[in-house]
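Just need the whole structure built from these sequences, with the hints factored in.
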Amino acid sequence: ALTLRTCPGFKVTQKAGQSDADFLALVDLARRQARDAAVDQLKGKLGKQLDTIRRQRQTLEDKLRNREAQAQAATVDTALTLGGSLLGALLGRGTLTQTNVRRAVKSVNAATRARGQHVNVELVKQELAALDERAAALDVELEQQAKALDGVLQGKSALDVREIKPRKADTKVEVLWLAWVPAQASG
Numbered sequence: 186a187l188t189l190r191t192c193p194g195f196k197v198t199q200k201a202g203q204s205d206a207d208f209l210a211l212v213d214l215a216r217r218q219a220r221d222a223a224v225d226q227l228k229g230k231l232g233k234q235l236d237t238i239r240r241q242r243q244t245l246e247d248k249l250r251n252r253e254a255q256a257q258a259a260t261v262d263t264a265l266t267l268g269g270s271l272l273g274a275l276l277g278r279g280t281l282t283q284t285n286v287r288r289a290v291k292s293v294n295a296a297t298r299a300r301g302q303h304v305n306v307e308l309v310k311q312e313l314a315a316l317d318e319r320a321a322a323l324d325v326e327l328e329q330q331a332k333a334l335d336g337v338l339q340g341k342s343a344l345d346v347r348e349i350k351p352r353k354a355d356t357k358v359e360v361l362w363l364a365w366v367p368a369q370a371s372g
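Straight run, no breaks: the sequence shown in our numbering ends on number 372.
By construction, these hints were calculated from the structure, which means they are not laboratory data. A hint or two may mislead.
Taking lysine-lysine pairs in the DSS-like style, the calculated list, with each CA pair at most 27 Å apart, reads [stated by the list, open to error]:
id, residue 1, residue 2
1, K228, K332
2, K310, K248
3, K228, K196
4, K196, K341
5, K200, K341
6, K353, K200
Pasting the structure below:
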């Protein structure tokens, strides 16, 4: 009888004459290939979500650069307006003239706009942080599912022993040699 090892989970059977080490390497290769295919499938599913996050991140980074430039410009505008109104009040004819009051109001409005621009910058930064958290959560989910796959595939690596008995129908005689040795009679 011929005894062979099999791995039904991966549909691998030891060949006659194949060493146990070679067969185990073949089972391990089949397990790794199955894992890689499953991980690729997971990456395809989660990859779409990650691509969406990357596109959103790029859009938000562009928005952040724009908002930061606007905030910087608003800060400079506020400083210039405030400086002009202070200089006009100090070096002008009167302190509480209608022109000086208008300049002061413009300075306050410019400061309010600048503060609003800085708030917008912070909001975009928060949106970027939320996107980064979502991307990290997807990476963690991918890792967890890959580890779960390892456990499932390890269970599929169970080995069985199969004994194959020869059958009369499986034997074929191609050459028959007959040897005859005369026996001497003792006597």
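Do the hints match the structure? See the list:
{"no.": "1", "hint": "K228 x K332", "result": "holds, 14 Å"}
{"no.": "2", "hint": "K310 x K248", "result": "holds, 10 Å"}
{"no.": "3", "hint": "K228 x K196", "result": "holds, 25 Å"}
{"no.": "4", "hint": "K196 x K341", "result": "holds, 10 Å"}
{"no.": "5", "hint": "K200 x K341", "result": "holds, 20 Å"}
{"no.": "6", "hint": "K353 x K200", "result": "holds, 21 Å"}
The structure is consistent with each of the numbered hints, conforming to all of them.
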